[in-house]
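Colleague: Generate coordinates for the entire structure from the input sequences, incorporating the hints supplied.
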Amino acid sequence: MSQPPDPRARPPAFFLERQTYRRRRLQDAARLLPVIGIFAWLVPLLWPRSGEEAPLMGSALVYVFTVWILLIVAGALLSRRLTLRDAAEAERGLE
Amino acid sequence: MISFNGLVAICLAYVVLLFAVAFTADRLARLGRGRWLRSPLVYTLSLSIYATAWTFYGAVGSAVRSGLEFVAIYLGPSIVMFGWWWLLRKLVRIGRSQRITSVADLISSRFGKSNLLAVLVTLLSVVAATPYIALQLQSVTVSFEVFGASTTAGAGAEARASNSPTAFWVALGLALFTVIFGTRNLDANERHHGVVMAIALEAVVKLFALMTVGIFVVWGLSGGVPETLARIEASELGQWQIDGGRWAGLIFLSGAAFLCLPRMFQVLVVEAADEDHLRTASWAFPAYLLAMSVFVMPIAVVGLDLLPEGSNPDLFVLTLPLSQGAEGVAVLSFLGGFSSATSMVIVAAIALSTMVSNHIVMPLWLRLTGGRASISGDVRNVVLTARRVSIVSIVLLGYVYYSVSGGGAALAAIGIISFVGVVQVLPSMIGGIFWRGATRTGAIAGLVTGSVIWLYTFFLPSIGLPIFSETLMAEGPAGLSWLRPQALFGIGGIDPMLHALLWSLSLNSLAFFGGSVLSFPSPVERLQGAQFVNIFQHSGGPRSWASGVAQTEDLLIMAQRILGPQEAIALFAREARAQGGRGDLPEPRPDFLETLERELAGSVGAATAHAMIGQIVGGTSVSVQDLMAVADESAQLMEYSARLETQSAELSRTARQLREANDKLTRLSVQKDSFLSQISHELRTPMASIRAFSEILRDSGGLSEAEQSKFASIIHDEAIRLTRLLDDILDLSVMENGRVHLNLREGRLSEVLDRAVASAAAGEGKGAMEIRRNRATEDHAITTDLDRLAQVFINLISNAQKYCEAARPRLTIRVQDLGESLAIDFIDNGHGIPREARDVIFEKFSRISDQKAGGAGLGLAICRQVLERLGGTIAYMPGEGGAAFRVMLPRGAALAAAE
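Top to bottom, those sequences are chains A and B. First residue of the first sequence? That's 0 in numbering that gives the first Met the number 0, and the numbers climb one at a time after it. First residue of the second sequence? That's 0 in numbering that gives the first Met the number 0, and the numbers climb one at a time after it.
Calculated from the structure, these hints are not laboratory results. From the three backbone atoms N, C-alpha and C, an ideal C-beta is built for every residue, glycine too. A hint or two may mislead.
Facing chain B, a subset of chain A residues (Cβ under 7 angstroms, in silico) [stated by the list, open to error]: (1) Leu-32; (2) Leu-55; (3) Ala-59; (4) Leu-60; (5) Trp-67.
Modeller: Right, here's the structure in full:
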C-alpha cells in the first residue's frame, strides 16, 4: 500500500515523474481500447454483401473472434498495470 | 431416454443446490467471513446474467436465421467493458458514493431526487421486462417439452408449451427463491450476497453446458476445427450477408442495454463490492461472452445439417445432442438453459421490485399514512412486504404475458423489443453523469418522448391485433400515412428494429437536450449535477467496503468526540459484550451500528448521525439530501437556542424592570416621607407665629395701637403665606393628578411676558433687577393657557430675583423660534445652580439654600407640571454663565393632545 507522495514535501514539478507519466499514458491506452474495438468491429460494414466478392462466413467468423481475443489480451495486460489508486490520484491531480 | 419425472428431479436437485449455496453465502457474509465471496471472479460471473435463456437458446436460432448477427449482441457489452475507464468506472463510483439502488434511483438522484422521473423509469423498466420474463418462462417450458415430446423434438413443442402448467410452477418457484433470498435482509446498499453467489454458480453452469455442447459438436460430430470451418462455409450460412444497419445498430443497442437494463445495473453497480473488481471484469467478462458465443455458429450449422427440416433452430442446443443420443450432454444443456432463465428472472425481479417498492409503493404508503412512520421497524416491515409483493407480481406478470401471448414469437424478437425500450434511459443516464447542464425537465421530456415512440413503433405493433390493426400498420392512424408505426415521417422500408431504435433514441436525445437547455434547474439538481459529473473530485479514493476492526476504531474516535470519552468507551464495551466477543471493540454489525446511530442521534440529530456513520462505514460521500437534512437539524437546534436566548433576555429585562420599579417605589416612599415632614414643617412655622401673636393680642392688655396693628398685620401676613402655601400644594396635586382644566386662548407671547415681568416686579417691589428683552423676537402668536404660562414665567423671574447674588442682578429673556416649538430662555448673571443640585431642582420642596427662602420649594415643580400639561418642557441649561432655564413651548398643536 503505497501512499501518494506528500505534495507539501517539495515544490510541484513542472513535469511529472517518469513513473506517473507512464501511468498517464497507460490510462490513455485504456481509453483508446473501446475505440479500437468499435472501429475494428465496424470494418465488416465495408465488406461487399453478396456476389462473388463477399467473404466467406468462416473467415468473417475468424476475423470477428480474432479481434475479440486481441482486445481481451490487451485489456488484461492494461488492467494488470493500471490500478484504481493511480486513477484516483490522477483524477484529483493536475491532469 | 430420460423420463420427464427424472428431469423434474434433476431440476429440483439443482434448485436445492442453489438454495444451499445462497444460504451459505448469506450466512458467511453475515458472519463477516465471506471476503472471498466478493472476489473479482464472482463479480465477473455475476455479470453473466446478461446472457439469458434468450442468448443460450436464441443465439443459435438467430445464427440460423440471420447469420453472424447474433455476435453483435455480445460485441456491444464487450466494447462497454473494454471502455470501463470511460464510463463504468464513473458509474460504479457514483453508485457507491451516492448509495444508488437502481437505474430509477440513479436518474432520480441525478435530477434532484425527482420522484416523477423515478416512477417513469420504473414503469418503463417493468413494461420492458415483462415480455422478457415471459420469454424466460417460455424457454424453460419449451425445453421441458422437448424432453417430454422425445423424438419429435422441437416441431410441435411450442404449441403444447403455452398451455402446460410447467410455466406456472417455474414462475412460482422463481418467485419463491427471489423472495427468500432477495428480501432476506434490508441492506442500505441493496446487496445480496446469497443471490450473487447463486448466479455466479449459474454462470459457471451455463458456460460449462454450452461449451460441452460446442465441444461435442465440433470434435464429436464434425471431427475438429478445420472440418467445422469447412462445414460452415459449405452450408447455406456460408456467406457474409449481414445488413450493415442492423449490425451496427445491434452492437450499439446491446452495449446501451448492457448499461440500462435494471438487472444489469443491479449486478454491475449496485452489487459491486469493490470498484477494483471492474479492472478484472473489464477483460474477463468479454472473455466469458466470447466463450459463450464461439460455439454458436458450429451448433447452428451442424444442427441444420443433421436435424430434420423445420426443426425449431432456437432449440438446437437441446435437440442436437438429443438426436445424436448424447443424453447426458442434452441434460447438461437443459440445465444450462434452466440456469440462464432462472438467474435472469431472479435478478430482474430483485432489481424491479427495489424500484417498484422504493419509488412507487413507499411514496404512496407514506402519503397515505401521512408520514407517521416514526418507528424504524415499522417502515422496515412495510418495505419488506412491498418488496415481496412486487417480486411475486412481477414474475406473475411475466407469466400472464406468457400465457396470454401464447409464446409463439421467435425468442430473439422479444428480447430486442425489450432492449429498445430499456435503452430509452440512456440519454438521461449518460447526459446526467457527463453534462452538468442536464435538467429534470430535459430528462422527463426525453424519457417520455422515447418511450412513446418505442411503444408506438415497436412494442405495440409486436403485440399486434387487438390493439394495432393491420390497417393502422399499413395506412397509419386516421389515414395519416406519415404516422405509420413502422415508417414514421414516410421513411419506410427500414428494418423495424432499426427504425424504432433510430427514431426513439434520436428524438429522445433531442428532447432531452432541448428540455435541458431551455429549462432552469432547481438548486438540488444543480448540486447533484455537480456531484455526479465531478464525482472523482468529490469522492475519496477507492476504499474497500469490507468491515473490520479499523472501522470500529474510527467509530470509537468519532463517538468519543460526540458522547464524551467515558460514555463512548462504556457503550462500545457493552456492545462488545453483547456480541459475545473478546476485547472492548465490537464488530461493526448492523445492529451495533443502529444502536450507535441512535445514541449519536440523541446528541447531533438523526440525519447528522446517519451521515457520519455512513461516511465511516459505507465509504459513501455525504449526499445533498443528507446535507439538507443536517442543515434542517442544525437550523432547528439554532432556532431552539435562539428561543432560549430570547426567553432569558426577556427574563432579565423583566427582572431589571422589576428592580427599577422597586427602586422607584422606594424613592417615592422616601419622597413621600420627606414631603410630609416638609409640609408639616412649612405649615408649622406660620402657624407658630400666628398662635404666638394671637396669644399676645389676647393675653396682654396694655398694647399700644401701633403694636396691636403690627401684630395683627404679622398674623395676617402669616395667614396669607399659609394660604399661598396651601394653594400651591393644591395646585400641584391637582396638576399631578391631571385633573386641571386648561383655559386655552390665543394670545401673543410678548404680552404674556409683559404681564409676567410686571407682576413679578410688583410682587417683589424692589425693581433692582434689570431685565433684558428683545421685543422683536418675542412677537409670536400662541394658543395655550395664557394664565398658566404667565404663572410659569412669573415663577422663573421671581426665582431669578430671589436667588441672583450678582451685585447688579440682570435677567436676560431670549426667545428663539425652533420651527415646531418656541424656546424661551431665562438667563441671569448669578452663580447658577451647582451641578449636584441640578437634578433635584424640579422636585417638590427642593430648595438650593435656605438663606433667602421665600417659598416652599414648590415653584419649579409646579412649572414643570404646568408645562407638561401644556405640551412643553422646562430644563436647566448649563454653561450659560448664571442660572439658565429653557422653556420649550409648542406652537399650539401639541396642546390638543395634552388636553
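Colleague: Give a verdict on every hint.
Modeller: Consistency of the hints with the structure:
For A/Leu-32, the interface hint holds, the least distance from its beta-carbon to any beta-carbon of chain B being 5 angstroms, beneath 7 angstroms. A hinted interface residue such as A/Leu-55 counts as satisfied when its beta carbon comes closer than 7 angstroms to some beta carbon of chain B; here the least separation is about 5 angstroms, so the hint holds. Taken as an interface hint, A/Ala-59 checks out: its beta carbon lies about 5 angstroms from the nearest beta carbon of chain B, inside 7 angstroms. At a threshold of 7 angstroms, the smallest CB-CB gap from A/Leu-60 to chain B is about 6 angstroms, leaving the interface hint in force.
With 7 angstroms as the threshold, the beta carbon of A/Trp-67 comes within range of chain B, its nearest partner Cβ sitting at about 5 angstroms, so the hint holds.
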